[in-house]
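Student: Chain L: place on chain B using the hints.
Going down the list, the protein sequences come from chains B and L. If you're matching positions, the first sequence starts at 1 in the UniProt record's numbering and goes up one per residue. If you're matching positions, the second sequence starts at 1 in the UniProt record's numbering and goes up one per residue.
Source of the hints: derived by calculation from the structure; they are not laboratory data. Quick caveat, the model's predicted, so the values are computed rather than measured. Where a beta carbon is used, it is the ideal one built from N, C-alpha and C, also for glycine. Don't take each hint at face value.
Reference listing, derived: stretches of chain L covered by chain B, where coverage requires no fewer than 3 residues with Cβ under 8 Å from a Cβ of chain B [said to hold, decoys possible]:
#1 368-376
#2 399-405
Below 16 Å or equal to it, Euclidean Cα-Cα: the simulated EDC-like pairs (lysine to aspartate or glutamate) are [said to hold, decoys possible]:
#3 K339(B) with E306(B)
#4 K7(B) with E123(B)
#5 K42(B) with E62(B)
#6 K229(L) with E228(B)
#7 K7(B) with E119(B)
#8 K331(L) with E199(B)
#9 K286(B) with E253(B)
#10 K286(B) with E370(B)
#11 K42(B) with E119(B)
#12 K282(L) with D120(L)
#13 K234(L) with D262(B)
#14 K7(B) with D214(B)
#15 K229(L) with D226(B)
#16 K39(B) with D165(B)
#17 K229(L) with E289(B)
#18 K234(L) with D263(B)
#19 K286(B) with E306(B)
#20 K339(B) with D363(B)
#21 K339(B) with E370(B)
#22 K42(B) with D165(B)
#23 K331(L) with E119(B)
#24 K99(B) with E326(L)
#25 K6(B) with E123(B)
#26 K91(L) with D12(B)
#27 K314(B) with D351(B)
#28 K331(L) with D106(B)
#29 K91(L) with D143(B)
#30 K331(L) with E305(B)
#31 K339(B) with D396(B)
#32 K42(B) with E123(B)
#33 K39(B) with E123(B)
#34 K265(B) with D244(B)
#35 K229(L) with D200(B)
Computed spacing ranges between beta-carbons, pair by pair [unchecked claim]:
#36 E335(L) with I321(B): 33 to 43 Å
#37 W236(L) with A267(B): 49 to 59 Å
#38 P57(L) with P372(B): 32 to 42 Å
#39 V188(L) with R108(B): 54 to 64 Å
#40 G181(L) with E199(B): 55 to 65 Å
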Amino acid sequence: MQSAEKKYFLADLVGAPVIDPAGAVIGRVVDFTFLVGGKYPKINQAVLQLAGEADQRLVPRERFQTFGPATFALSSSPTDLPWLSSAPDQYLARSIWDKQIIDTSDVRVVRVNDLQIAEVRGEWFLIAVDVGLQGLLRRLGFDRWVCPLMERLHWPVRHEVIAWDLIQSFPTGMSPLKLAVPSNKVQDMHPADLADILEDLSVHEGVSLIQTLDDETAAETLAEADPETQVQIIASLPSHEASDILEEMEPDEAVDILQDLDDQKAAEILSHMEPSEASDVRELLKHAENTAGGLMSTGYATIYEEFTVADAFKHLRLVAIDLEIIYYLYVVDHQDRLKGVVSIRNLLVADPAAPVTSIMNRDLIFVAPEAPQEEVATLIARYNLLALPVLGLAGDLLGVVTVDDVMDLLLENMPRMWKRRALTS
Amino acid sequence: MALRTWWRRWRIRLLFFLSIFGPGLITATVDNDAGGIATYSLAGAIYGFDLLWTLIPITVLLIVTMEMSARLGAVTGQGLADLLRERFGVKATFWLLVLVFLANFGTVLSEFSGIASAIDICANTLGFGGSLWWLKYLLIPLITYGLYKIVTEYDYAKIEKVFLVSIFFYLAYPISAWMAGPDWGAAVKALFVPVLRFEAGYIFTMIAVIGTTITPWMQFYLQSTFIEKGITLKYWRTARWDVILGCMTTDIISFFMIVACAVTLCFRPGAPPVQTIDEIGKALAPLAGSYAGLLFALGLFNASVFGAAILPLSTSFAICEGMGWERGMNKTYEEAPFFYGIFIALLVLGAGLVLLPGVDFLYLMVMRASQFAQGLILPPFLYYLVKLGDDRQLLGDHANGPWLSRFSWVCVAVLTVLDLVLLGATVVEILG
Numbered sequence: 001m002q003s004a005e006k007k008y009f010l011a012d013l014v015g016a017p018v019i020d021p022a023g024a025v026i027g028r029v030v031d032f033t034f035l036v037g038g039k040y041p042k043i044n045q046a047v048l049q050l051a052g053e054a055d056q057r058l059v060p061r062e063r064f065q066t067f068g069p070a071t072f073a074l075s076s077s078p079t080d081l082p083w084l085s086s087a088p089d090q091y092l093a094r095s096i097w098d099k100q101i102i103d104t105s106d107v108r109v110v111r112v113n114d115l116q117i118a119e120v121r122g123e124w125f126l127i128a129v130d131v132g133l134q135g136l137l138r139r140l141g142f143d144r145w146v147c148p149l150m151e152r153l154h155w156p157v158r159h160e161v162i163a164w165d166l167i168q169s170f171p172t173g174m175s176p177l178k179l180a181v182p183s184n185k186v187q188d189m190h191p192a193d194l195a196d197i198l199e200d201l202s203v204h205e206g207v208s209l210i211q212t213l214d215d216e217t218a219a220e221t222l223a224e225a226d227p228e229t230q231v232q233i234i235a236s237l238p239s240h241e242a243s244d245i246l247e248e249m250e251p252d253e254a255v256d257i258l259q260d261l262d263d264q265k266a267a268e269i270l271s272h273m274e275p276s277e278a279s280d281v282r283e284l285l286k287h288a289e290n291t292a293g294g295l296m297s298t299g300y301a302t303i304y305e306e307f308t309v310a311d312a313f314k315h316l317r318l319v320a321i322d323l324e325i326i327y328y329l330y331v332v333d334h335q336d337r338l339k340g341v342v343s344i345r346n347l348l349v350a351d352p353a354a355p356v357t358s359i360m361n362r363d364l365i366f367v368a369p370e371a372p373q374e375e376v377a378t379l380i381a382r383y384n385l386l387a388l389p390v391l392g393l394a395g396d397l398l399g400v401v402t403v404d405d406v407m408d409l410l411l412e413n414m415p416r417m418w419k420r421r422a423l424t425s
Numbered sequence: 001m002a003l004r005t006w007w008r009r010w011r012i013r014l015l016f017f018l019s020i021f022g023p024g025l026i027t028a029t030v031d032n033d034a035g036g037i038a039t040y041s042l043a044g045a046i047y048g049f050d051l052l053w054t055l056i057p058i059t060v061l062l063i064v065t066m067e068m069s070a071r072l073g074a075v076t077g078q079g080l081a082d083l084l085r086e087r088f089g090v091k092a093t094f095w096l097l098v099l100v101f102l103a104n105f106g107t108v109l110s111e112f113s114g115i116a117s118a119i120d121i122c123a124n125t126l127g128f129g130g131s132l133w134w135l136k137y138l139l140i141p142l143i144t145y146g147l148y149k150i151v152t153e154y155d156y157a158k159i160e161k162v163f164l165v166s167i168f169f170y171l172a173y174p175i176s177a178w179m180a181g182p183d184w185g186a187a188v189k190a191l192f193v194p195v196l197r198f199e200a201g202y203i204f205t206m207i208a209v210i211g212t213t214i215t216p217w218m219q220f221y222l223q224s225t226f227i228e229k230g231i232t233l234k235y236w237r238t239a240r241w242d243v244i245l246g247c248m249t250t251d252i253i254s255f256f257m258i259v260a261c262a263v264t265l266c267f268r269p270g271a272p273p274v275q276t277i278d279e280i281g282k283a284l285a286p287l288a289g290s291y292a293g294l295l296f297a298l299g300l301f302n303a304s305v306f307g308a309a310i311l312p313l314s315t316s317f318a319i320c321e322g323m324g325w326e327r328g329m330n331k332t333y334e335e336a337p338f339f340y341g342i343f344i345a346l347l348v349l350g351a352g353l354v355l356l357p358g359v360d361f362l363y364l365m366v367m368r369a370s371q372f373a374q375g376l377i378l379p380p381f382l383y384y385l386v387k388l389g390d391d392r393q394l395l396g397d398h399a400n401g402p403w404l405s406r407f408s409w410v411c412v413a414v415l416t417v418l419d420l421v422l423l424g425a426t427v428v429e430i431l432g
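Bound conformation, chain B alone:
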C-alpha cells in the first residue's frame, strides 16, 4: 500500500461529527463495517448514531462526500438509511479493537490497541494494527498531550504498528473473531515458534490455536511445547481431534502425553486412533515412563535375514517416510528375534547382491524394557550410538530408544561447565 493517499487511525475517526447536506451536525460515527477478501479488508459502511434516535444506522461508503477525522459529510438526507441490524457483519471497532492477535513476524501474542486505515484511490482499507503504547494513549484520549510531552523529554512514545498481512487472528472464548484471512499465516510459522506462543496462551486459547492448524503442524507444535502444556491441550481437545494429532506424533511422544492424562481420557483417545497406530501406542503404554520400555519408539525398519542389500534398500524406500530412525536397519528372523544391525553406511558401501547377514553387526548392544533410563543413557553415551534396541526375554525386538529420547538426561549428567559450553557453542 505504498500509494496510500491518506492514513488515519480508527480512534480518531470514531466519534467524528456527521454533517448533513445542509451543513448541520446531526450525529456521530460509531463504527465501520468491512469486507474481507483481498489482501487488505475494504471498508464499505459506517455505523452512525444520529442525534435523537434510539438505534444506529448504516451508511454505505458512496453516500459520503468527505470522509475523515474532522467531518463525515453526507451527500443526501439520512432518513432513508437502513437501521443497523444484528446481521453478521464484520465491525472494525466492535470486533477487532481490544482483541488478541498473533503477530507472526515477532512471534508473540498482542492486544489490538488501534487500527490504521488508508485511503487508496478513493477506497478505504484496513492496513495495519497498532499494538504500541501510542495506540493505547490514543484510545484513552491522552495522546494529544502525553506524546508531545514525552517528545520534549527526549523519551518519545514508541509507535508500533504491524501490517495487516502479518497478523493472524484466532478465536478465543469471548470473541469468535474469525476473520477470513487469505492464507493461514500461522501455518507457515516454525513449530518451535508456535510452541512458544502456545505456552503464552491460556489453555482455551491454546486449544483454539491448535485447532486452526492442520494435524501435522499441530503435532509438530505440540511436540515442541513443554510437557505441562502438551497434557493440558490434549486433555482439553475433543477426543477424536486429540487422537488425530497424536497419530501424527512419534508413538513414544504420544505415549508420554497419554501417560500423563487420566485413564478415561487416554482410553477414549486411543479408541479413536487408527488400529495400527493404536496398537503401537498400547504396546508402549505398558511400560513405565522412566524405563527403556517407556522411552522406546516403534518407528524403525526391520528386515529379514534372507534379504540382500538390494532388498534392504527396496524395503527402506517403501517405509522410510514413516520412520523416526533410518540410520540403522534391524535384521530379525521370522519370530521377530533380533539377529543383527546394519547401518545405512554399511549398506551403501556393500555389493547390492550380498546377503545382509554378511555385512551386519552381530555384537549387539541392547537393553531390557525394564532398564532404567539412566542405564539407557549411559550405554548410548559409552558406545556412541544413535539408537539402542530394546529386547524382550526371547530376544524379540520390542522397540528402539534413540539418542534424542535421552538427550535431556545426557545433558543433565554432564558436568556443569561442560554443559554450558555445549549449550552456548
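Tutor: Just chain L now, kept in the frame of chain B:
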C-alpha cells in the same frame, strides 16, 4: 533417632495435608492480611459486638463474588483483566485498573506497615525497647529483597503454602476469645441482629470491614490461579467447594478476631481508645499472657509478608494483562518492562515509605484506611464483575442464574448506597 523418624512421618502427613489446599482456601487466607487484622481488631475494639451482624451478609457476598470470578476463570480460561478489556473496551478497563492500582498501593503500604509494626513490637516485647529502633531499617530492605528474589526466581506456588502457617496463628483468636470468657449469647445474638448507626465513624469502619474481606485484587488473584492451575469445568464442582469453604473459613476467623478484641479491648471504663497497633496485640493476652505481644507480632509478620509477596505481583500482572503488555516471570526485563517496573515500584515504594522517619504512628491508620479504599472501589468493580457473570454469550449455561443475578445487583446497589451515605456523612460532619 525415634524423634527423627516420628518427625519424618509427620512431615509427610503435614505436606500432604497442605498439598490438598486449593486456591480458594489460599486466597481466603491471604484475605486476613495486615489490613484485615487491623480492621477487624479495631472494629471489635471500638464498636464491640455492634458490627458482628455485618459478617453474615459479607460472607454471602464474598462467596457470591469469589464463586463468580472462579467460574469466569474455569469457563473462559482467561484472566479477569483480559475479559474486562475484551468486553468493555480499553477505557473502562484502564480507569478500573487505575482504581485497583491506587487501592492496592495502599494495601501494599499496609502490608509493609504490618511488617514494620511486627518488628517494632518484637523489639519492644523482648525488652530492648528504644535501643532496637533501627532493627526495621535493617530487616525491611532485606525482606523486600528476599521477596523479590523468591517471587522472581523460585516457583512461588510451592513456597506459597509455607505462609499457610498463618492459619495456626489465627487459631489463637478463638482460644483467646474463649479464655477471656465473653458473653457468647450476646455475641451470637449480635451476629443476627443488625445495629445501625448513622455516624461517619461507624459507616467508615463498616466499609473497611467489607473492603478488607471482599477485595478486587483477590478476585484477580483467584481467577489467575484457576487458570494457572488449569482448573477447567471438569474440576469445577470440587473447586467450587474449595472456594466456598475458603470464604467461610476466613469469616469465621474474622468473627473470633472481632469477639476477642471486643472483650479484651472495648468498653473498659476510663480506658483510652485504642491508638496504636501494639495495643491490638493485647487481645491475645488471655491466651498468651505477657507473650501476647510476641504471638501477635509473629502472626502479623507472617500475614503481612504473605500479602506483600502476592499483592505487588498480582497487581502488576492484572494491569499488564488489561493493557496487553508482556508479563510473566518467563519474560526478561527488556521484554516486559512494564511488568517488572510496576512490580518493583510497588515493592520499593511500599518498603521505602514506611521507613520514612517519624511515620510509625501512621501504621495503624494506613492499615485501616487502605481497607477502606478497597471498600470504596468495590461498587464499580462489582458492577463490571456481575455484568461479566451475567453474560450468556461468554459463559453459556454457566452464566448467573436469574436469582443470583438479581441478588448480585442488589448487593452492588447496597454497597453504592453505603459509599454515598459515607461521603454524605463525612460532608455533614465537616460542615456541622
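Student: Taking the hints in turn, state whether each one holds.
Tutor: Here's how the hints hold up against the structure:
With a cut-off of 8 Å between beta carbons, the stretch 368-376 of chain L has 0 residues touching chain B; three or more are needed, and the interface restraint is violated. Residues of the stretch 399-405 of chain L with a Cβ under 8 Å from some Cβ of chain B number 0, which does not satisfy the need for three, so the listed coverage is violated. Between K339(B) and E306(B) the alpha-carbon distance is near 12 Å, which keeps this suggested pair within the 16 Å criterion. At roughly 12 Å between alpha-carbon atoms, K7(B) and E123(B) fall within 16 Å of each other, so this suggested pair holds.
Distance check on the hinted pair: K42(B) and E62(B) sit about 13 Å apart at the alpha-carbon level, within 16 Å; holds. Between K229(L) and E228(B), the direct Cα distance comes to roughly 10 Å. Compliance with the 16 Å bound is thereby established for this hinted pair. Our distance criterion of 16 Å between C-alpha atoms is met by K7(B) and E119(B), whose separation comes to about 6 Å. With a C-alpha separation of about 12 Å, the suggested pairing of K331(L) with E199(B) holds against the 16 Å cut-off.
The straight-line distance between the Cα atoms of K286(B) and E253(B) is roughly 14 Å, inside the 16 Å bound, and the hint therefore holds. Between K286(B) and E370(B), the direct Cα distance comes to roughly 11 Å. Compliance with the 16 Å bound is thereby established for this hinted pair. Between K42(B) and E119(B) the CA atoms are separated by roughly 10 Å; this keeps the pair inside 16 Å, and the hint holds. Restraint check for K282(L) and D120(L): satisfied, since their Cα atoms lie roughly 15 Å apart, inside the 16 Å limit.
Between K234(L) and D262(B) the CA atoms are separated by roughly 12 Å; this keeps the pair inside 16 Å, and the hint holds. For the hint linking K7(B) to D214(B), the alpha-carbon distance of about 37 Å lies beyond 16 Å, and the restraint is violated. Restraint check for K229(L) and D226(B): the C-alpha separation of about 15 Å stays at or below 16 Å, so the hint holds. Proximity of K39(B) to D165(B) is assessed by CA-CA distance (about 7 Å); at most 16 Å being required, the pair is judged to hold.
Simply put, K229(L) and E289(B) have alpha-carbon atoms about 23 Å apart, too far for the 16 Å limit, and the pair is violated. Between K234(L) and D263(B) the alpha-carbon distance is near 15 Å, which keeps this suggested pair within the 16 Å criterion. As the CA atoms of K286(B) and E306(B) are separated by approximately 32 Å, the hinted pair breaks the 16 Å bound. Pair hint K339(B) plus D363(B) holds up; C-alpha atoms about 9 Å apart against a cutoff of 16 Å.
A threshold of 16 Å between alpha carbons decides the hint, and for K339(B) with E370(B) the separation of about 21 Å lies outside it, so the pair is violated. Taking the CA atoms of K42(B) and D165(B), the gap is near 13 Å; set against the 16 Å cutoff, the hint holds. Restraint check: the Cα-Cα separation between K331(L) and E119(B) comes to about 38 Å, which exceeds 16 Å; the hinted pair is violated. Between K99(B) and E326(L), the direct Cα distance comes to roughly 15 Å. Compliance with the 16 Å bound is thereby established for this hinted pair.
The straight-line distance between the Cα atoms of K6(B) and E123(B) is roughly 11 Å, inside the 16 Å bound, and the hint therefore holds. Between K91(L) and D12(B), the direct Cα distance comes to roughly 15 Å. Compliance with the 16 Å bound is thereby established for this hinted pair. Between the alpha carbons of K314(B) and D351(B) the distance comes to roughly 14 Å, so the proposed pair stays at or under 16 Å and holds. Simply put, K331(L) and D106(B) have alpha-carbon atoms about 15 Å apart, close enough for the 16 Å limit, and the pair holds.
Restraint check for K91(L) and D143(B): satisfied, since their Cα atoms lie roughly 13 Å apart, inside the 16 Å limit. A distance of roughly 55 Å separates the Cα atoms of K331(L) and E305(B); the hinted pair therefore is violated under the 16 Å criterion. The straight-line distance between the Cα atoms of K339(B) and D396(B) is roughly 9 Å, inside the 16 Å bound, and the hint therefore holds. This hinted pair checks out: K42(B) and E123(B) have alpha carbons roughly 7 Å apart, not beyond 16 Å.
At roughly 14 Å between alpha-carbon atoms, K39(B) and E123(B) fall within 16 Å of each other, so this suggested pair holds. In summary, the hint linking K265(B) to D244(B) is supported, as the alpha carbons are separated by about 14 Å, within the 16 Å threshold. Our distance criterion of 16 Å between C-alpha atoms is met by K229(L) and D200(B), whose separation comes to about 14 Å. Checked against the hint of 33 to 43 Å, the pair E335(L) and I321(B) passes, with Cβ atoms roughly 40 Å apart.
Take W236(L) and A267(B): their Cβ atoms lie about 22 Å apart, and the range 49 to 59 Å is violated. Separated by about 59 Å at the C-beta atoms, P57(L) and P372(B) break the suggested range of 32 to 42 Å. In this structure the supplied range 54 to 64 Å holds for V188(L) paired with R108(B), their Cβ-Cβ distance being about 57 Å. A hinted range of 55 to 65 Å holds for the C-beta pair G181(L) and E199(B), which are about 57 Å apart.
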